[in-house]
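J.: As a plain string of letters, each chain reads:
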Amino acid sequence: MFALPALAQAAASALFTSEATSKWINLALGIVMGGIDVANKMAALNAQIKSFVDANREPTPAEWDAMAARDAVADAKIEGAAASL
Amino acid sequence: MRHLILAFVLPALFALAACADMNPVATAQTPEQKAFAAYGTFVVLKEEAADIAVAPGTPRAVVQAIATGNRVVTPLARTMVVAAREYVAAKAEIDALKKSGVPPPAEMVGQVGILLNRLLAAYAAAEPEIARFAATVKSVKGG
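Same order as they appear, the protein sequences are chains S and A.
Residue 96 in this note's numbering sits at position 5 of the first sequence; the count goes up by one each step and never skips.
Residue 94 in this note's numbering sits at position 80 of the second sequence; the count goes up by one each step and never skips.
Just so you know, the hints here were simulated from the structure itself, not pulled from any lab data.
Be aware that one or more of the hints could be misleading.
Pairwise CB distance ranges (calculated) [stated by the list, open to error]:
{"no.": "1", "chain 1": "S", "residue 1": "Val-164", "chain 2": "A", "residue 2": "Ala-145", "range": "42 to 52 Å"}
{"no.": "2", "chain 1": "S", "residue 1": "Val-164", "chain 2": "A", "residue 2": "Lys-152", "range": "20 to 30 Å"}
{"no.": "3", "chain 1": "A", "residue 1": "Pro-73", "chain 2": "S", "residue 2": "Asp-145", "range": "25 to 35 Å"}
{"no.": "4", "chain 1": "S", "residue 1": "Asn-147", "chain 2": "A", "residue 2": "Ala-69", "range": "25 to 35 Å"}
{"no.": "5", "chain 1": "S", "residue 1": "Val-164", "chain 2": "A", "residue 2": "Ser-153", "range": "39 to 49 Å"}
{"no.": "6", "chain 1": "S", "residue 1": "Asn-147", "chain 2": "A", "residue 2": "Arg-146", "range": "30 to 40 Å"}
{"no.": "7", "chain 1": "A", "residue 1": "Arg-146", "chain 2": "S", "residue 2": "Ala-146", "range": "31 to 41 Å"}
{"no.": "8", "chain 1": "S", "residue 1": "Ala-146", "chain 2": "A", "residue 2": "Ser-153", "range": "17 to 27 Å"}
{"no.": "9", "chain 1": "S", "residue 1": "Leu-176", "chain 2": "A", "residue 2": "Asp-109", "range": "45 to 55 Å"}
{"no.": "10", "chain 1": "S", "residue 1": "Asp-156", "chain 2": "A", "residue 2": "Arg-74", "range": "16 to 26 Å"}
{"no.": "11", "chain 1": "S", "residue 1": "Val-164", "chain 2": "A", "residue 2": "Thr-72", "range": "12 to 22 Å"}
Built from N, CA and C at the ideal position, the CB exists for glycine as well.
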C-alpha cells in the first residue's frame, strides 16, 4: 500500500521539472501518505481492541507500555518542534 | 495537472473518511478496553500531529496550535492510563484470589469499586479533550 505513493512520487519527480508543480505533487502525496498512515493505524488499533473483546481479556501491562512509548516519542517530536520556533 | 492532484488527493480523502468511520472506542466493551481504545486513538492522532509539526514548512501557528492542544490533552490522557492500569491490577488480584478459592476481602472489593469510579471519571475528563485534539489535527490536515 505504501509502495504505490512512493513510486508515484518518484515518477512525478522524473516527469515534472517545474518547482511549483513538484511542490503541489509533494503536498498531495504527503496528504495521501498521511491519510493512509492514520487509516492503517486506526485499523490496527481497532483490530487490537476487537482481539481483546473476542478473547474476553483486558490490555496487558506490556500493551499499555507499548502505547505509552509511542505517546512519549510523539510528545518529544511535538515539543521539539515547538521549542525550535 | 488538476486531474493529477485529484487522483492523489481523492484516495487520501477516502482514507480519512474510512478512518473517521472506524471507532475503536465503540468496538471496546469494558471500561479498561474503552480507556485503551481512547488512549490508542489519541496516540495515533498525536503521531500524525507530530509528523505535521516536524515537517519542514509547517506554519508556526499550526505548530503552536498542535503543541497547545497536546499540552492540554496529554496530562488528562495519562491520568486515564494510570487509573485504568490501577483498576486492572486491583481486579486481577481479586480474580486471582477467586480462582484459588479464597474469597476476596470486602475492603479489597471496595477499593476496586473506588478505582473503577476513578477510571470512569478520568475517562469522562479525557474523552472530550481527545475529541477536541482530533478536531485540531483534522483541521490542520484540511479534512
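J.: None of the hints should be skipped; say for each whether it holds.
T.: A quick look at each hint next to the structure:
no. : hint                               : verdict
1   : S:Val-164 to A:Ala-145: 42 to 52 Å : violated (23 Å)
2   : S:Val-164 to A:Lys-152: 20 to 30 Å : holds (21 Å)
3   : A:Pro-73 to S:Asp-145: 25 to 35 Å  : violated (44 Å)
4   : S:Asn-147 to A:Ala-69: 25 to 35 Å  : violated (42 Å)
5   : S:Val-164 to A:Ser-153: 39 to 49 Å : violated (23 Å)
6   : S:Asn-147 to A:Arg-146: 30 to 40 Å : holds (33 Å)
7   : A:Arg-146 to S:Ala-146: 31 to 41 Å : holds (32 Å)
8   : S:Ala-146 to A:Ser-153: 17 to 27 Å : violated (37 Å)
9   : S:Leu-176 to A:Asp-109: 45 to 55 Å : holds (49 Å)
10  : S:Asp-156 to A:Arg-74: 16 to 26 Å  : violated (34 Å)
11  : S:Val-164 to A:Thr-72: 12 to 22 Å  : holds (18 Å)
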